[in-house]
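Chains as they are written, first to last, in the working numbering: chain A, 332 to 692; chain B, -7 to 172; chain C, -1 to 251.
Everything labelled a hint here was simulated from the structure, so no lab data went into it. If you're wondering where the values come from, they're calculated on a predicted model, not measured in any experiment. Positions of the beta carbon are idealized from the N, C-alpha and C atoms, including for glycine. Check before you lean on any hint, since a few could be wrong.
Coverage of chain A stretches by chain B, computed from C-beta distances (three or more under 8 Å per stretch; other residues unrestricted) [as the list claims (entries may be wrong)]: (1) 503 to 509; (2) 587 to 599; (3) 676 to 682.
25 Å max Cα-Cα, derived DSS-like pairs, lysine-lysine [unchecked claim]: (4) Lys141(B) with Lys335(A); (5) Lys50(B) with Lys335(A); (6) Lys50(B) with Lys609(A); (7) Lys(-6)(B) with Lys335(A); (8) Lys78(B) with Lys609(A); (9) Lys49(B) with Lys335(A); (10) Lys144(B) with Lys335(A); (11) Lys14(C) with Lys543(A); (12) Lys16(C) with Lys193(C); (13) Lys160(B) with Lys49(B); (14) Lys145(B) with Lys97(B); (15) Lys97(B) with Lys117(B); (16) Lys543(A) with Lys50(C); (17) Lys36(C) with Lys543(A); (18) Lys195(C) with Lys36(C); (19) Lys145(B) with Lys335(A); (20) Lys525(A) with Lys50(C); (21) Lys78(B) with Lys685(A); (22) Lys49(B) with Lys613(A); (23) Lys16(C) with Lys543(A); (24) Lys36(C) with Lys16(C); (25) Lys(-6)(B) with Lys609(A); (26) Lys58(B) with Lys685(A); (27) Lys(-6)(B) with Lys58(B); (28) Lys208(C) with Lys525(A); (29) Lys58(B) with Lys613(A); (30) Lys49(B) with Lys609(A); (31) Lys163(B) with Lys(-6)(B).
Derived, one-sided and incomplete: chain A residues facing chain B with beta-carbon distance under 10 Å [what the hints assert, rightly or not]: (32) Thr362; (33) Gly446; (34) Gln449; (35) Leu581; (36) Glu605; (37) His636.
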Amino acid sequence: MAEKILMKGNEAIAHAAIRCGCDGYFGYPITPQSEVMETLMNEQPWNSTGMVVLQAESETSSINMLYGGASCGKKVMTSSSSPGISLMCEGLSYLAGAELPCLVANVVRGGPGLGTIQPGQGDYFQSVKGGGHGDYKMIVLAPASAQDMYDFVDLAFELAFKYRNPALILSDGVIGQMMEKVELRPMKPRLTEKEIIERYPWATTGKTPDRKQNVLTSLALDAAVHERLNQTLQNKYRQMEENEVRYETLMCEDADYVIVAYGCMSRICESTVELARKDGIKLGLLRPVTLYPFPTKYIQELTSHTKFMMSVELSAGQMVEDVRLAVNGKIPVGFYGRLGGIVPSPEEVLEAFKEQIKKLN
Amino acid sequence: MKEEIIIAGFGGQGVLSMGKILAYSGIMQGQEVTWMPSYGPEMRGGTANVTVILSDKKISSPILSKFDTAIILNQQSMDKFENSVKPGGLLIYDPNGITRHPHRKDIKVYTIDAVNISVELGESKAYNMVVMGAFLKLKPVVEYENVLKGLKKSIPERHHSLIPMNEKAIKAGMEKLVQI
Amino acid sequence: MDIKDIIKPENRVYAKSKILTDTPMHYCPGCSHGTVHKLIAEVIDEMGIQEKTIGVSPVGCSVFAYNYLDIDWQQAAHGRAPALATATKRLMPDKYVFTYQGDGDLASIGTAEIMHACNRGENIVVIFINNAIYGMTGGQMAPTTLLGMKTSTTPYGRNVELNGYPLKITELIAQLDGTCYVTRQSVHNSAAARKTKRAIRKAFENSALKKGTSFVEVVSSCNSGWKMTPVKANEWMAENMFPKYPIGDIKDV
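With the rest of the complex left out, here is chain A:
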């Protein structure tokens, strides 16, 4: 059995990157995720796997370094926290437009503005609805443990390359700063240049006589061409919606009521469900693992035997909009959220839930 190591979620991201064959990390310090780059710099993977680690001058530069690296068919990633991700949104739009795979991890803190360095989930809209300009989507994975932080690095790269699209790990200050035991998976080697050329014929690896030049751009000034490009992207997003929805459930089968929560809040609401069951309330939990694509169909199924659904978030109510769209008026949908970096306890969530179902009757 592989060794289990106690580490922070942020450290898990760094170790996973080295061990899953990541070629390059480009980042800029920001609380609460600086341990990612600190761990990488301490591990010096350039001596072991040859992975490049570079501290950029800004998040703007980091994300554009990802554009360059991804263009070469390399597995490249960055990590940041909310204000830094806002700066990256320009680059993310370009990466999505040029159909380039990359991984961005957002260890979310409270906003808007400089906000707080304490945990938040207020970047949901930014992550799943765009953030940057234009019609694009990112695959968004929401880890709920340090092991998830580790495992989702490899998964995000796999999905990013499968769809030639940016993938985002939407974490939060709780999951990033919390230590749990993490099992390190077997090492995967980095791809050689030959393997990259074979697998990713679109990459800018240098034009050889046997192929046309490769140009990675998001620009198309001809209206018809540009609409076609957009349709290609949209078709890809429909494929993701078809194939990549991931979620976990806790006692939803017989549930009268369901809480929907992701990331750290899904952990807290697991305890809420346990407490509710002790009180004889048939409460279940739906934890979306992918926030885009969203488990819309499963939520629709749940409405057939549940009376009420409540979204619990560290925001003023963002994911709840997607829950409402999925429920489509069939049952009432409630919301409970805390702001400012305050993380509610399981008991607090249960109280809020009880208040809301009281009003239903």
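Knowing the structure of chain A, use the given hints to seat chains B and C on it.
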């Protein structure tokens, strides 16, 4: 078995590292563990606290409002966490610098004079291990051999020469706690 | 004698570099971009590095540089080309990586990226086209626009109180320890173009020697933006631009 612990004090008292050693000891025993710190500017000289959960089963919420045990190392933390101990739970505190002692009658209260014990040992840095020893004496949730393994895992190898001193501190803490 | 008798290999005095594609350039007649493209193509051709060269094109008139040079290209967001080039070169150190940037791209919106790439001494080549104007967006003021110069956003001429001074960014770049070769050239006549080609070649050679960043500014004309004939634009450039942006090597380590 499930033990939910809050450790709180000043930054620099070794609050976070004590939590880490406890958590690593739990892993060595095959337990599930979480270690959730307060983080940010309050770590830098201000108060620091960490929630550690050790359990035989998968841990759901790492954020808690009530604890089985509170380990309190300064007055602010006493004010903040005394009422967060579950009825019948345990509160261990270092009386140095405490002006308002705990008033609750429905919990078990112990003191550990870790400042003086660690000074007597000649290693004030082992302060947090004295406190941890006191906790483990009262709640032997992890076997001693696994505590030593956890200690080794938590301390960087270049500092492994300090392990015997830390062991001494743990033992001293086990012997010298006082029930109130 | 028939024309067919003349078109023979032995009579050939000039051939278009095979790196240049047959796509007709969209640049205005008289624009410097075409000449600089040709020089880069010739250098890549002569060094035999087509398979090893990655270009990064900017936002601006030369955004479409990839249509004209038959190599692999990445097209960057406005100002960000040095960041792309940094990662590309670090991840594929045996390649030749260059950015091609205008004055708005490099000296305004992308100031941070160019400064830090040069300061890190990335082993890349930067080709900087300075024509003192935003060409593609329709002739607005650039950081390098001369005082008094009329543009669509300085319709009464660039004014110090309102707009500050023309930015001599190349002199700033030369201060950075990461740069090994910083030069300012032009392509307004064939002698100047030949010197520019030598500078570009040296810059590419430097990147293989891992000496640091090589930076080649080409003081250029934008006769459309300047609202002049090509000939007049070249004259105006020599009279007004060269005194502010003197031609020659600034740094050669």
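Okay, the hints, checked on the actual structure:
1. With 4 residues having a Cβ less than 8 Å from any Cβ of chain B, the region 503 to 509 of chain A passes the three-residue criterion, so the hint holds.
2. Counting residues of the region 587 to 599 of chain A whose CB lies closer than 8 Å to any CB of chain B gives 3, so the stated coverage by that chain holds, three being the minimum.
3. Only residues whose beta carbon comes within less than 8 Å of a beta carbon in chain B count, and the region 676 to 682 of chain A has 4; three or more means the coverage holds.
4. In summary, the hint linking Lys141(B) to Lys335(A) is supported, as the alpha carbons are separated by about 13 Å, within the 25 Å threshold.
5. The suggested pairing of Lys50(B) with Lys335(A) holds, with an alpha-carbon distance near 15 Å, which does not exceed 25 Å.
6. Under the criterion of a C-alpha separation no larger than 25 Å, the hint pairing Lys50(B) with Lys609(A) is consistent with the structure, at around 18 Å.
7. Only pairs whose Cα atoms come within 25 Å are accepted, and Lys(-6)(B) paired with Lys335(A) is accepted, the gap being roughly 20 Å.
8. Only pairs whose Cα atoms come within 25 Å are accepted, and Lys78(B) paired with Lys609(A) is accepted, the gap being roughly 18 Å.
9. Distance hint between Lys49(B) and Lys335(A) is fulfilled; the C-alpha atoms sit about 16 Å from each other, no more than 25 Å.
10. Simply put, Lys144(B) and Lys335(A) have alpha-carbon atoms about 14 Å apart, close enough for the 25 Å limit, and the pair holds.
11. At most 25 Å may separate the alpha-carbon atoms for a hinted pair to count; Lys14(C) and Lys543(A) meet this at roughly 19 Å.
12. A hinted pair counts as satisfied when its Cα atoms are at most 25 Å apart, and Lys16(C) with Lys193(C) qualifies at roughly 21 Å.
13. The suggested pairing of Lys160(B) with Lys49(B) is violated, with an alpha-carbon distance near 32 Å, which exceeds 25 Å.
14. Between Lys145(B) and Lys97(B), the direct Cα distance comes to roughly 38 Å. Violation of the 25 Å bound is thereby established for this hinted pair.
15. In summary, the hint linking Lys97(B) to Lys117(B) is not supported, as the alpha carbons are separated by about 33 Å, beyond the 25 Å threshold.
16. With a C-alpha separation of about 14 Å, the suggested pair Lys543(A) and Lys50(C) falls inside the 25 Å cut-off, and the hint holds.
17. A threshold of 25 Å between alpha carbons decides the hint, and for Lys36(C) with Lys543(A) the separation of about 20 Å falls inside it, so the pair holds.
18. Between Lys195(C) and Lys36(C), the direct Cα distance comes to roughly 9 Å. Compliance with the 25 Å bound is thereby established for this hinted pair.
19. The hinted pair formed by Lys145(B) and Lys335(A) meets the criterion: a straight-line CA distance of about 11 Å does not exceed 25 Å.
20. Taking the CA atoms of Lys525(A) and Lys50(C), the gap is about 14 Å. The hint holds against a cut of 25 Å.
21. Taken as a hint, the Lys78(B) and Lys685(A) pair is honoured in the structure, with Cα atoms around 22 Å apart against an allowance of 25 Å.
22. Of the supplied pair hints, the one linking Lys49(B) and Lys613(A) holds, its CA atoms being roughly 22 Å apart against a limit of 25 Å.
23. Taken as a hint, the Lys16(C) and Lys543(A) pair is honoured in the structure, with Cα atoms around 13 Å apart against an allowance of 25 Å.
24. Restraint check: the Cα-Cα separation between Lys36(C) and Lys16(C) comes to about 10 Å, which is no more than 25 Å; the hinted pair holds.
25. Our distance criterion of 25 Å between C-alpha atoms is met by Lys(-6)(B) and Lys609(A), whose separation comes to about 17 Å.
26. With a C-alpha separation of about 20 Å, the suggested pairing of Lys58(B) with Lys685(A) holds against the 25 Å cut-off.
27. The hinted pair formed by Lys(-6)(B) and Lys58(B) meets the criterion: a straight-line CA distance of about 13 Å does not exceed 25 Å.
28. In summary, the hint linking Lys208(C) to Lys525(A) is supported, as the alpha carbons are separated by about 24 Å, within the 25 Å threshold.
29. Restraint check for Lys58(B) and Lys613(A): satisfied, since their Cα atoms lie roughly 24 Å apart, inside the 25 Å limit.
30. Our distance criterion of 25 Å between C-alpha atoms is met by Lys49(B) and Lys609(A), whose separation comes to about 17 Å.
31. For the hint pairing Lys163(B) with Lys(-6)(B), the CA-to-CA distance comes to about 24 Å; that is within 25 Å, so the pair holds.
32. For Thr362(A), the shortest C-beta to C-beta distance to chain B is roughly 6 Å, which falls under 10 Å, so the interface hint holds.
33. The restraint placing Gly446(A) at the interface with chain B is violated, with a minimum CB-CB distance near 12 Å, outside the 10 Å limit.
34. For Gln449(A), the interface hint holds, since its Cβ comes within 10 Å of a Cβ in chain B; the closest pair sits about 7 Å apart.
35. Checking Leu581(A) against chain B by beta carbon gives a least distance of about 9 Å; that is within 10 Å, so the hint holds.
36. Restraint check, Glu605(A) versus chain B: the minimum CB separation of about 7 Å is within 10 Å; hint holds.
37. Hint on His636(A) is violated. Least Cβ distance to chain B is approximately 24 Å, over the 10 Å limit.
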